[in-house]
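Undergrad: Chain by chain, the residues:
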Amino acid sequence: MRVAVAILAISLAGLTAACGTSSAAGGGSSSSGGTGAVLKLQDPGNAGPLAYAKREGILEKRLKAVGASVEWGGSYASFTAAIDAVHSGSVNVLAGAISPAVGYLANSPDIKIFSVTDPITDPAAPQTDGLVVWPDSPIKSVKDLAGKQVAVNKGGKGEYLLLLALEKAGVPVDQVKRVYLNPDQGASAFATRKVDAWWAIVRAYPEVVAKGARVIVHGRDLNDQDLTIAAARDELLDKHPEAVRVYLDVLRELTEEAKKTPEKFENVFLDQGPTAVTGARLAQDIATARYANIPRYVTKDDGVNIEQVAGLFRKYGVLSGAIDPADVLFDLKAVAGSPSAAASR
Amino acid sequence: MIAVTLERVHAPDETANRPGTEALPGSEVSETATQPGSGAFPGAGVSERTGPGALSGLEVPRYLGSRRRPPLLSAGVRIGVPLLLLIAWWYGSSSGRIPPDVLAAPSSVLDALRELAATGQLAEYLLASAQRAGLGVLVGGGIGLLLGVAAGISALGEELVDPTMQMMRAVPFLALVPLFISWFGVGETFKIVLIAVSAAIPMYAYTYLGVRNVDRKVVEAARGFGLRGHRLALGVVIPSALPSILMALRISLSVSLTGLIAAEQIGATEGIGYLVTLAQQYFRIDYMVLCILIYAVLGLVFDAAIRLVERLAMPWRGHVVAR
Numbered sequence: 001m002r003v004a005v006a007i008l009a010i011s012l013a014g015l016t017a018a019c020g021t022s023s024a025a026g027g028g029s030s031s032s033g034g035t036g037a038v039l040k041l042q043d044p045g046n047a048g049p050l051a052y053a054k055r056e057g058i059l060e061k062r063l064k065a066v067g068a069s070v071e072w073g074g075s076y077a078s079f080t081a082a083i084d085a086v087h088s089g090s091v092n093v094l095a096g097a098i099s100p101a102v103g104y105l106a107n108s109p110d111i112k113i114f115s116v117t118d119p120i121t122d123p124a125a126p127q128t129d130g131l132v133v134w135p136d137s138p139i140k141s142v143k144d145l146a147g148k149q150v151a152v153n154k155g156g157k158g159e160y161l162l163l164l165a166l167e168k169a170g171v172p173v174d175q176v177k178r179v180y181l182n183p184d185q186g187a188s189a190f191a192t193r194k195v196d197a198w199w200a201i202v203r204a205y206p207e208v209v210a211k212g213a214r215v216i217v218h219g220r221d222l223n224d225q226d227l228t229i230a231a232a233r234d235e236l237l238d239k240h241p242e243a244v245r246v247y248l249d250v251l252r253e254l255t256e257e258a259k260k261t262p263e264k265f266e267n268v269f270l271d272q273g274p275t276a277v278t279g280a281r282l283a284q285d286i287a288t289a290r291y292a293n294i295p296r297y298v299t300k301d302d303g304v305n306i307e308q309v310a311g312l313f314r315k316y317g318v319l320s321g322a323i324d325p326a327d328v329l330f331d332l333k334a335v336a337g338s339p340s341a342a343a344s345r
Numbered sequence: 001m002i003a004v005t006l007e008r009v010h011a012p013d014e015t016a017n018r019p020g021t022e023a024l025p026g027s028e029v030s031e032t033a034t035q036p037g038s039g040a041f042p043g044a045g046v047s048e049r050t051g052p053g054a055l056s057g058l059e060v061p062r063y064l065g066s067r068r069r070p071p072l073l074s075a076g077v078r079i080g081v082p083l084l085l086l087i088a089w090w091y092g093s094s095s096g097r098i099p100p101d102v103l104a105a106p107s108s109v110l111d112a113l114r115e116l117a118a119t120g121q122l123a124e125y126l127l128a129s130a131q132r133a134g135l136g137v138l139v140g141g142g143i144g145l146l147l148g149v150a151a152g153i154s155a156l157g158e159e160l161v162d163p164t165m166q167m168m169r170a171v172p173f174l175a176l177v178p179l180f181i182s183w184f185g186v187g188e189t190f191k192i193v194l195i196a197v198s199a200a201i202p203m204y205a206y207t208y209l210g211v212r213n214v215d216r217k218v219v220e221a222a223r224g225f226g227l228r229g230h231r232l233a234l235g236v237v238i239p240s241a242l243p244s245i246l247m248a249l250r251i252s253l254s255v256s257l258t259g260l261i262a263a264e265q266i267g268a269t270e271g272i273g274y275l276v277t278l279a280q281q282y283f284r285i286d287y288m289v290l291c292i293l294i295y296a297v298l299g300l301v302f303d304a305a306i307r308l309v310e311r312l313a314m315p316w317r318g319h320v321v322a323r
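Chains R and E supply the protein sequences, listed in that same order. With the working numbering applied, the first sequence covers 1 to 345. With the working numbering applied, the second sequence covers 1 to 323.
Rather than coming from a laboratory, the hints here were simulated on the basis of the structure. Please note that a few of the clues may not be correct.
As the list claims (entries may be wrong) - To give an idea of the chain E side of the interface with chain R (calculated C-beta under 7 Å), a few residues:
hint, residue
1, 101
2, 105
3, 115
What the hints assert, rightly or not - Beta-carbon label-pair distances, calculated as ranges:
hint, chain 1, residue 1, chain 2, residue 2, range
4, R, 154, E, 235, 53 to 61 Å
5, E, 97, R, 256, 34 to 42 Å
6, R, 279, E, 312, 46 to 54 Å
7, E, 80, R, 260, 53 to 61 Å
8, E, 114, R, 60, 27 to 35 Å
9, R, 271, E, 169, 53 to 61 Å
10, R, 269, E, 113, 15 to 23 Å
11, E, 81, R, 140, 19 to 27 Å
12, R, 177, E, 127, 42 to 50 Å
Virtual Cβ for every residue (Gly too), placed ideally from N, Cα, C.
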């Protein structure tokens with residue numbers, strides 16, 4: 001009996017504690033009074049302009065000037081991984097690439113792209129992706145992929161670039177088996193030779209090259225129009241474009257700064273642990289940051305890029321619906337051009 | 001009736017030689033069993049009374065008692081197999097038989113552990129996960145316990161609760177993730193609810209089973225003393241079903257780890273499930289192996305904790321169980 005009472009007491013105490021923590025940690029549900037905008041961003045990790053901004057409180061300071069605030073949320077591996085959070089409104093501004101964004105927009109047109117980053121063309125810049133095979137592989141060119149299995153991330157940059165490469169080489173797409181794997185799953189499938197080739201992107205690419213993989217083709221060798229983008233939820237863009245503008249301004253300034261002093265933007269929070277980079281990885285990241293392009297406002301001309309990515313996906317059944325670029329681009333410069341115009345809205 | 005049973009006890013030849021046939025007929029069984037000295041096994045009583053010489057082919061039963069194995073031997077055997085696995089891992093890695101991208105070497109995993117401890121993340125992550133798992137298991141386990149007791153005690157309760165819980169049991173809780181995200185967002189509530197649901201189902205199933213197996217005679221005796229309702233449940237039914245309930249707690253705790261991995265993949269910035277995601281994201285095999293080791297250690301901790309609770313909450317059990 002006494003035990004039961006004790007259990008009951010403990011569980012009650014636990015429940016009250018639960019309420020306490022969930023309101024403190026969850027915080028996202030309570031918007032700040034409804035007066036100002038709340039930018040809900042995903043965790044920026046341990047490197048890059050946004051991580052630096054989080055540590056220094058730059059966004060908080062700058063957003064305060066326009067009556068807005070920022071809320072840092074959880075961590076997501078990619079745009080695709082963050083989709084559920086964007087749906088539920090737990091994240092309302094995020095970065096990614098056109099390819100996963102069109103996949104999202106085909107199903108739920110509640111975000112718009114307000115910024116793009118032009119592709120890096122400088123041949124001196126380190127490569128950031130590539131179709132890799134093991135050195136002893138019989139695959140010497142894209143043409144040899146016919147009848148092979150290639151790991152790509154579904155509806156993302158990997159799949160886009162593979163389709164683009166196959167089209168350019170004149171290989172019928174249905175002759176190549178696309179195996180859908182996330183970058184981390186692709187790494188182990190490739191390492192254990194369960195797939196013949198793999199389009200390694202972002203962080204996976206330098207890793208696999210360091211392990212001795214041979215590169216067949218890079219995204220830069222193709223007409224890659226899958227630009228890096230930033231997108232925000234419609235309601236935020238419609239009601240508070242000035243807050244989104246501040247976000248983009250800060251991102252632009254810090255990217256500029258990171259080009260000059262990339263070391264400052266690595267290992268921002270921790271220089272130990274799984275997120276910390278050292279040695280060759282650090283050198284690679286610094287070299288990449290030096291060549292980074294600055295994010296810019298979208299213009300009408302960017303519709304071409306969206307059309308090309310969505311068109312390619314549609315042609316090969318990755319996307320079922322069509323995307324009208326006019327519906328998914330948001331001209332932030334025109335809307336939030338002057339602070340007074342934004343304030344009067 | 002009593003006269004009849006007493007007669008039977010005093011006619012040992014019959015009872016002892018054909019215990020099965022005699023023990024069967026209906027209500028007499030319980031009365032026979034409650035007679036002092038007759039025991040559950042008629043033979044035991046018989047041999048004491050009449051002596052071993054009187055009957056051929058019978059012997060004094062071995063005293064089972066509570067013999068303890070030598071603690072050192074017991075501990076040695078217990079850690080033997082994990083230790084062998086560790087040695088094989090260490091040998092395989094250091095001799096180069098296991099390539100580092102298949103399984104990180106123990107030394108690099110230790111380094112990862114040291115790093116994580118040095119930055120304070122290990123404690124932070126463990127605490128965050130413990131809080132989520134603890135709350136989830138407390139809430140989910142509590143609900144499962146209540147429903148299990150209700151379904152086990154009363155027919156109405158069973159009719160009301162059991163079909164739904166059996167349906168829930170068939171639903172893999174991971175399938176609920178997208179639904180829960182749209183209901184609860186990606187914050188703490190979502191994580192705790194997911195773990196609670198995952199913990200409630202095994203708790204219900206085992207509690208129900210345990211309560212159904214509570215000795216009817218004990219319950220009847222307690223009712224005879226006037227115990228009703230919650231007093232009956234708390235004083236008699238739950239203590240009798242405690243072995244099953246603690247088993248349920250064991251399983252709920254392990255399942256909550258699965259729930260943690262699923263929950264902390266989404267929108268988390270700390271936790272041991274988040275560490276798995278991080279390790280994958282940053283291609284750190286040493287951290288992946290470290291995560292597995294952390295889970296293994298947690299399994300041991302849970303088991304030890306439940307064993308302790310078993311010993312404290314059920315002191316009588318050592319004299320009842322077969323081993």
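Undergrad: For which of the previously enumerated hints does the structure constitute a violation, in increasing order of number?
TA: 2, 5, 9, 11
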